[in-house]
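J.: Given chain A, put chain B in place with the hints provided.
Quick note, the sequences are listed as chains A and B, same order. Here the first sequence is numbered in the numbering used here, starting from 1 and rising by one per residue. Here the second sequence is numbered in the numbering used here, starting from 1001 and rising by one per residue.
Watch out, some of these pointers could steer you wrong.
Under the rule of at most 27 Å between Cα atoms (straight-line distance), these lysine-lysine pairs were calculated in the DSS-like manner [to be verified]:
id	chain 1	residue 1	chain 2	residue 2
1	A	Lys9	A	Lys570
2	A	Lys582	A	Lys556
3	A	Lys551	A	Lys582
4	A	Lys63	B	Lys1003
5	A	Lys753	A	Lys625
6	A	Lys63	B	Lys1004
7	A	Lys310	A	Lys748
8	A	Lys393	A	Lys132
9	B	Lys1003	A	Lys66
10	A	Lys152	A	Lys308
11	A	Lys66	A	Lys132
12	A	Lys181	A	Lys57
13	B	Lys1004	A	Lys132
14	B	Lys1073	A	Lys66
15	A	Lys63	A	Lys9
16	A	Lys251	A	Lys281
17	A	Lys132	A	Lys281
18	B	Lys1003	A	Lys132
If you are wondering where the hints come from, they were derived from the structure by calculation, not from laboratory data.
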Amino acid sequence: MEATTSNGKFKVIGTRPIRHDGIDKVIGRAKYGADYAFPGMLFGKVLRSPHAHARIKSIKTDKALKLPGVKAVVTAADLPEAANRLEQAGEMAINPHYLSMNILARDKVLYDGHAIAAVAATSPHIAEEALKLIEVDYEVLEPAMTVDAAMKPGAPILLPDLRNREEGDKQTNVAQHYQFKRGDVEAGFRAADYVVEREFNTAMVHQGYIEPHNAVGIYNADGQATIYCSTQGAFDVRSLSAQVLGVPVGKIKVVPAEIGGGFGGKTTIYLEPLSVLLSKKTGHPVKLVMTRSEVLRASGPTSGSKIKVKMGATRDGKIVAAQVWMAYEAGAFPGSPVGAGAMTILAPYTIENLQIDAYDVVVNRPKTAAYRAPGASNAAMASETVIDELAEKCGIDPLDLRIQNGVKEGSPQVVGPPFRRIGFIETCEAIKNSDHYKSPLSGPYRGRGVASGFWFNAGMQSSATVNIHTDGTASVVTGSPDIGGSRASMAMITAEVLGLPVTDVRPLVADTDSIGHTDVTGGSRVTFATGMAVYEAAQDAARQLRERAAKVWEVKPEDVELHDGVLSLKEKAEGKAPMTIKEMATKLARTGGPIIGRASVNARGVGPAFATTCVDVEVDPDTGKVQILRCTIAQDVGKAIHPSYVEGQMQGGTAQGIGWGLNEEYFYDQKGILRNTGLLDYRMPTCLDLPLIETILVEVPNPGHPLGVRGVGEVSIVPPPAALANAIYRAVGVRMTETPMSPPRLLKAILKKRAAEETQSAAAD
Amino acid sequence: MSKKTLVETTINGEAVEFLCEPRQSLLECLRDVLELTGSKEGCLTGDCGACSVLVDGRAVCSCLMLGVEAQGKNIRTVEGLADGTALHPLQQKFLEHASLQCGICTPGILVSATALLNRNPDPTEQEVRYALAGNLCRCTGYDKIVRAVLDAAKAMKSGARPNRAA
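This is chain A alone, in the form it adopts within the complex (with noise of 0.2 Å):
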């Protein structure tokens, strides 16, 4: 496939157009998931686990449900027992068994805040009350918050029928054991003049949307039923909830309404298919949303993880091995993302030797879920922060250092095949060659620090339909949830082939009897991949056109071409001028009916994401509080659609990666009792925080695109943390090892190394 636009220029992509969804956004009318309302409606709530360890011995509704205007309660009793199996769903793996367990409690609550019980009644405070009368029985049992107290001999084990390959049939809550191995790393190390060894440990966080997430559950008569929620993928919400429930697939519709933020936190389901249970149960739609606590203690995290890294170089600036072991809690369900963190943890740059051992952990914690390049952050936080002590050791700037042993075209990777055409050296050379990087920083304890960071992108399928209509306008219709202007670039690529103007193309998202099977809105895939979909969509529906204006004109279809809009012979002829779309849609019914254009896309050519991140910051010495003075991004971003929305993801993970580094994290006492769960004190970046972020779109074509589109949406959250460990070390001297580089803790460090100073000018007085 080729970029065909005309002498290769792009009339609409690259541009900046109004997202057409924008004005419903603006003026308060589009609707979220919790702003579906039906006739009838019943408000469910979910009763939670108040301990993050204990065995279920007996539940008592009856009187919750003597309540007046409480309807139903739903238990595990009411879910079949789902496959004991891994199955693939978006960037992460699930097994409906523990899926199930996850969504109701069985025999054992493995976190606080693990849903027990659903109930609906006719409004939402009488569900919560209802929820104080339902009566648990609990034996409770020792927790394991920490890998390293859920992997020490005689640990609490978190699901008894766990094992590992390794262990046999020991119980366990290692899930998994990943080694990568390229190489001899001893002999590397004997071969490094420089080695630095350090150990990490990243805190917990959450993906943060604003939106929590929601449901309405509609069951008919006939067994068939409809979810209308907030969802990165309606057809992963339609098949999880299908094995969750124990129906077939096509006896569940999803609608996807408008999506408030799901960072990868949204490609799960949780609520969904209670409000269903509960739907069935009372002959009501049921619409459940979560309080803010709720989606902090149940919903989402991302690992907290203990990372260990050992690199070596030559005094050349040569890095000739390293060794990695890690471990993520994957919360109380197998499945962190600490096989993505093992192959990107490494991933910008060329080792000979190496060796990375990842571990699998359950804890006592919510199951983790997606969240923007999962996996990547905390792992960069570690392997970016030894690479700059280890060109601080060889006096070369860190920037040169990350060139002289960065990826390129041809490069092994950790895993698979070696890189395609990549644009990691470019983001570095973009950081060097700024303005930010070039201008001088002075002042005391200011620091400027860099980091770089690798994301995979994903393909999957994706299908889509381009539609024209009788005015010779067309509208675009995808599967993929608008998560952050996607609906704006669909457009623009259909407009871009038909040469029509980006007004005239109106950009759908299609519940799932509408439109083909389309995976989730994660991975960076959609403009990628869905974009692949359009893009050969709307050629479909420019062949058509050519083949219509053919029979008009009585001539073969490749005698016709499209261009800029307008049908037209390749060669003139008299009597058979040129005709507009608009001229051509009119005669559609003649010709043989209305034009859909379509296609579908398992898609492959990924191209992965590399990103470079400078930050400037300024640290309060006496609170260890770090404010950052300016910050600039350089990420290869294939070819930008929208430059504005490119831009936007940039800067969103930027913020993220920030929040990550310096205040984000889970609180649990020792009780494993979530003590932080509200916005007030789980601390993500205000306006306040944070400065303008600048961004460099690096444009190297993905040659696996037609269009040259690359996924943007995950790696700029990668660099952040290290970057900014790295700026604190040039302010105050001090290398952070843990994250959240929060006040308290970055002060302790600052304190720390002031008493060692102390104490050696003592001694040496």
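T.: Below, chain B alone, put in the same frame as chain A:
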């Protein structure tokens, strides 16, 4: 549960009467009783600002105010910022600057920004950031939001339609 109370108030310039339970927040009344779902629920604790509305011109988290407290007040929600089909300059600039991604925080941010520009038509970047510090956005990193508010202030000063929303 005590009886419902009749609340007489003004919403987006119209006299409105509604019945609510004493325990219902203004946000719940707007969304579930009056079907004004533009104001969003993000936290119910006043931390995220997605439910922001103007009460007598002041930006307030409607999740922290009871429905009965709306009695006699003048309330403006995101649905009442535009003048018919003419968008408020802030709304227009948010579209032009691509200031929203998912859009869930947008109603609250537009309301807070309206309150800011009503009292300070010429804010600095820092003043914009301070005024919006109670509105969390997780998608954008705030960059394009801040730029849009500054640009809207500029447009309004140079004669775009006066800001009537209060």
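J.: All hints, please: hold or fail.
T.: Structure-based check of all given hints:
no., hint, result
1, A:Lys9 with A:Lys570, "holds (20 Å)"
2, A:Lys582 with A:Lys556, "holds (21 Å)"
3, A:Lys551 with A:Lys582, "holds (16 Å)"
4, A:Lys63 with B:Lys1003, "holds (24 Å)"
5, A:Lys753 with A:Lys625, "holds (16 Å)"
6, A:Lys63 with B:Lys1004, "holds (26 Å)"
7, A:Lys310 with A:Lys748, "holds (25 Å)"
8, A:Lys393 with A:Lys132, "violated (61 Å)"
9, B:Lys1003 with A:Lys66, "holds (21 Å)"
10, A:Lys152 with A:Lys308, "holds (17 Å)"
11, A:Lys66 with A:Lys132, "holds (12 Å)"
12, A:Lys181 with A:Lys57, "violated (47 Å)"
13, B:Lys1004 with A:Lys132, "holds (23 Å)"
14, B:Lys1073 with A:Lys66, "violated (39 Å)"
15, A:Lys63 with A:Lys9, "violated (70 Å)"
16, A:Lys251 with A:Lys281, "holds (16 Å)"
17, A:Lys132 with A:Lys281, "holds (21 Å)"
18, B:Lys1003 with A:Lys132, "holds (22 Å)"
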